[in-house]
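Spelled out, the chains give:
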Amino acid sequence: MPQYKKPMSNEEFNLNFAQIKPLMSDTEAYYESSRCLYCYDAPCITACPTGIDIPLFIRQINSKNEQGAAKTIYDSNIFGYACGKVCPTEVLCEGACVYNHSDVKPIEIGRLQSYATKKSIDSGKKHFNFKAPIGKKVAIIGAGPAGISCGAELSLHGVSVDIFEAREKPSGLTVYGVAPYKITNEEVLSEMEYLEAQYGFKIHYNKFINTRSEIEELQNAYDAIFLGIGLWRSSELGIPGEELDQVTGAVEFIEDLRMQKHQTQIGGKVIVLGGGNTAMDAASESCRMGAADVVIAYRRSHEEMGAYAFEYELAKAAGIRSLFNVMPVEIIGSTSVSAVRFVRTKVEDGKVTVIDGTEFTEPCDWVIKATGQSRQEDLLDMIGIGRSKSGNILVDGEYRTSHHKYFAAGDAVSGGQEVVNAVAEGKKAAKAILKNI
Amino acid sequence: MPSLHVNFAGIKSPNPFWLASAPPTNSGYQIMKAFDAGWGGAVWKTLGVPIVNVSSRYGSVNYRNSRMMGFNNIELISDRPLKDNLKEITEVKKRFPDHAVIASLMVQSKKEWHQIVQDVTNAGADGIELNFGCPHGMCERGMGSAVGQEPEVLKTIVGWVMEVAKIPVITKLTPNITDITQPALAAAEAGSDAISLINTIQSIVGVDIDDFTPYPKVDGKSTNGGYCGPAVKPIALNMLKNCAQHPGVKIPISGIGGVENWRDAVEFILLGATTVQVCTAVMHYGFGIIREMVAGLESYMEDKGFATINDFAGKALPKVVLWEDLNLKYKVVASIDASKCIGCQLCYTACEDGAHQAIGLTGGTDRKPYIIEENCVGCNLCSLVCPVEHCITMERRDDGLVNETWEHRTETGNIPTTFNDRLAGGLHHTLPDPMAALHVKKPRHYGTKKQS
Numbered sequence: 001m002p003q004y005k006k007p008m009s010n011e012e013f014n015l016n017f018a019q020i021k022p023l024m025s026d027t028e029a030y031y032e033s034s035r036c037l038y039c040y041d042a043p044c045i046t047a048c049p050t051g052i053d054i055p056l057f058i059r060q061i062n063s064k065n066e067q068g069a070a071k072t073i074y075d076s077n078i079f080g081y082a083c084g085k086v087c088p089t090e091v092l093c094e095g096a097c098v099y100n101h102s103d104v105k106p107i108e109i110g111r112l113q114s115y116a117t118k119k120s121i122d123s124g125k126k127h128f129n130f131k132a133p134i135g136k137k138v139a140i141i142g143a144g145p146a147g148i149s150c151g152a153e154l155s156l157h158g159v160s161v162d163i164f165e166a167r168e169k170p171s172g173l174t175v176y177g178v179a180p181y182k183i184t185n186e187e188v189l190s191e192m193e194y195l196e197a198q199y200g201f202k203i204h205y206n207k208f209i210n211t212r213s214e215i216e217e218l219q220n221a222y223d224a225i226f227l228g229i230g231l232w233r234s235s236e237l238g239i240p241g242e243e244l245d246q247v248t249g250a251v252e253f254i255e256d257l258r259m260q261k262h263q264t265q266i267g268g269k270v271i272v273l274g275g276g277n278t279a280m281d282a283a284s285e286s287c288r289m290g291a292a293d294v295v296i297a298y299r300r301s302h303e304e305m306g307a308y309a310f311e312y313e314l315a316k317a318a319g320i321r322s323l324f325n326v327m328p329v330e331i332i333g334s335t336s337v338s339a340v341r342f343v344r345t346k347v348e349d350g351k352v353t354v355i356d357g358t359e360f361t362e363p364c365d366w367v368i369k370a371t372g373q374s375r376q377e378d379l380l381d382m383i384g385i386g387r388s389k390s391g392n393i394l395v396d397g398e399y400r401t402s403h404h405k406y407f408a409a410g411d412a413v414s415g416g417q418e419v420v421n422a423v424a425e426g427k428k429a430a431k432a433i434l435k436n437i
Numbered sequence: 001m002p003s004l005h006v007n008f009a010g011i012k013s014p015n016p017f018w019l020a021s022a023p024p025t026n027s028g029y030q031i032m033k034a035f036d037a038g039w040g041g042a043v044w045k046t047l048g049v050p051i052v053n054v055s056s057r058y059g060s061v062n063y064r065n066s067r068m069m070g071f072n073n074i075e076l077i078s079d080r081p082l083k084d085n086l087k088e089i090t091e092v093k094k095r096f097p098d099h100a101v102i103a104s105l106m107v108q109s110k111k112e113w114h115q116i117v118q119d120v121t122n123a124g125a126d127g128i129e130l131n132f133g134c135p136h137g138m139c140e141r142g143m144g145s146a147v148g149q150e151p152e153v154l155k156t157i158v159g160w161v162m163e164v165a166k167i168p169v170i171t172k173l174t175p176n177i178t179d180i181t182q183p184a185l186a187a188a189e190a191g192s193d194a195i196s197l198i199n200t201i202q203s204i205v206g207v208d209i210d211d212f213t214p215y216p217k218v219d220g221k222s223t224n225g226g227y228c229g230p231a232v233k234p235i236a237l238n239m240l241k242n243c244a245q246h247p248g249v250k251i252p253i254s255g256i257g258g259v260e261n262w263r264d265a266v267e268f269i270l271l272g273a274t275t276v277q278v279c280t281a282v283m284h285y286g287f288g289i290i291r292e293m294v295a296g297l298e299s300y301m302e303d304k305g306f307a308t309i310n311d312f313a314g315k316a317l318p319k320v321v322l323w324e325d326l327n328l329k330y331k332v333v334a335s336i337d338a339s340k341c342i343g344c345q346l347c348y349t350a351c352e353d354g355a356h357q358a359i360g361l362t363g364g365t366d367r368k369p370y371i372i373e374e375n376c377v378g379c380n381l382c383s384l385v386c387p388v389e390h391c392i393t394m395e396r397r398d399d400g401l402v403n404e405t406w407e408h409r410t411e412t413g414n415i416p417t418t419f420n421d422r423l424a425g426g427l428h429h430t431l432p433d434p435m436a437a438l439h440v441k442k443p444r445h446y447g448t449k450k451q452s
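These protein sequences, in sequence, are chains A and B.
Just so we're aligned: 101 in our numbering is position 101 of the first sequence, and the numbers increase by one with no gaps anywhere.
Just so we're aligned: 365 in our numbering is position 365 of the second sequence, and the numbers increase by one with no gaps anywhere.
Worth flagging that the hints you see were computed from the coordinates, not collected in a lab.
Please note: incorrect hints may appear among the correct ones.
25 Å max Cα-Cα, derived SDA-like pairs, lysine to any residue [what the hints assert, rightly or not]:
1) Lys217/B / Ser63/A
2) Lys21/A / Arg59/A
3) Lys340/B / Val104/A
Looking at chain A on its own, in the form it has when it is part of the complex (with noise of 0.2 Å):
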């Protein structure tokens, strides 16, 4: 059972969601760094999406360099702090780590990685030497992790770069939707000022695209547009009572959660719909708001759930429950919800089948909905950019959509992965772009 109190206050809420990555000291930074074999061909490079030289930063760490480490950061990975703090790092560098086939306890990379690039956001120093202005304009839809990689990365090669964000606030999800003990609203700003006056492209912000004449309007100022859009709303179960009160969709609750803080609304007993890495996060997090009991119910085994095993054992240990093989068919309730009714599932060859006659009624008092994520479908129909079954931007080797205009990068084209991952392929689509106009 979730042990918190409900948070009353800003301060609660930050107690409640202590950082778990929280920032080293000098001294940890330190001692950490020393501890850094300085592998050949290090492994925890290759596990990086971005090919950050971890080694390389680890030393000048441990040599007082914390500028020239932020530097190393920087050229590989435009949210390196961020990424110090969000990715999961059990299973990318630190889980590469060599220590770990040694039971000695692997190098925290991305705390290093986070002390580093503070270092470099406080001071404000600029890393880069930018390329001339080469005259060409390329428009980013989209200010988040794919966008603005992308738009740093051109910005440094001498191309003229605006980008347009639909909200007020600049980095996607990292804002919007990484769990908030992951990293605070405040740590994400600060880079991304950091990032814009360094790199100079520019954020149009609550500037959503969505007609045609805007579209139009791009089309023939930009030399390219790049869609850095990622996923949309929450997906909708299709199942009765989805409309009632208290039912609401993963991301739609964390971006509450992010952005309201204690005010958040949500307690009692709380259903999470799911078994992906979000639905964890949900489940941590109304724990964390002080929900009586929370209940993941998942229509798989926990063997085949989608969240990594970290995320998983997290929630629990934030105390939530599980139910597995089971599958939501009816939310019930008046106005708002009063009970999830489901039926119990198997998985034959793959395939998640109903058993009948198993159904069984849960109560609860909100129903969070965690099974993925829909796409801005009228934007790309606009346009007309192709998309494949699962809903995913088609793109070539290029970063080339269907449309001879057009690049994307980022969820929208892989359907939802790691800001780490969205900040290397934005990286890429840029050097994509550069070649192409």
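With chain A fixed as given, assemble chain B onto it according to the hints.
Okay, now just chain B, sitting in the frame of chain A:
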């Protein structure tokens, strides 16, 4: 139960662990505390002429997360009044009659030497140590290492001391000299009962790269200090060996230099010391380290069946020979235990870039390197850089039947005389073509990088 008791040139001590003459032996308070903790003896901070000290006084060499791996000081000898020190020597001896109290001395004239030797003898000291080692400050006034570096001067002063000494005299030597056996021999010839070594090594521990001042800083300036701590142990061990093996130096030796635990002490004893003196480790961790030292030494002696320190003192000396007496037929090669290997590839890069290109990579997902035995010269480097215990071992490859040294071969005219001689060593090694260095496949980030 083995006995740790020692009789060092007539100075008796319950164990061979002494505090070296240094800040930890500045006062009766500290020495009483040390004896109470279990130290066997203490060499009092050098008594001598009036001095003035500066602030600050110490500098450190930190290696990664290890602090004070090397340590240096610019502090001078005792700045306390002689009579206070003498009074406290008496007090300590009264309370700890069975512990060794040795007075370290440093004065200039024959008259002063005679006087101070008598003073400390009257105070009850068990022995005297002549400080001919201090390499900073005092040497500028013609004392300390200035004496230790001139065997003839050293001999004269030891002679003065021996004229009046009624208690054992130890001559402490400076390592700031090309051949340590020369002052050791001079001390022995002048009648010194024992020698101790090494004193500190002249050093600059580092420079503040922002204000360009070396450490330790004294109002924007610095001076050379005396280097000690774990970093100097190898230098001390070698000098100890040189003195202990010298046929003219037959007097007991107190070993000093980087002793921090019982293992260090055993190594010094194996190379001929019969007491060891400790300073830096106490300045770092306090007197309490003696618990580990005594317990460790006792259990080592018990395991090995040594009843007394003398049972193993100098036991490693016959195993240190000239290079020319080493067996050229002995052949070891590295062997990697793949079940222990964690795939850091440090052995690969060390051998590839720093040795003989005798380790290969499979290039697959298995990161475990392999030994290219025909290239392996058995240098040990890979086994030294390997971070896993017992993963890389050196295995013997010769049959052990032939012992052929450079000396033997010289005697029998069997040495190479030209580089093309088939007897020359390097001829049999396989070396890659120099240009291959530029074409060999390198990992991401390793080649020349374009600046963005």
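- Message: Run the distance test for Lys21/A versus Arg59/A: straight-line Cα separation, threshold 25 Å.
- Response: holds (21 Å)
- Query: Given the hint that Lys217/B pairs with Ser63/A, does the C-alpha gap stay at or below 25 Å?
  - Reply: Judged against 25 Å, a Cα distance of about 21 Å means the pair holds.
- Given the hint that Lys340/B pairs with Val104/A, does the C-alpha gap stay at or below 25 Å? holds (13 Å)
Of the numbered hints listed earlier, not one is contradicted by the structure.
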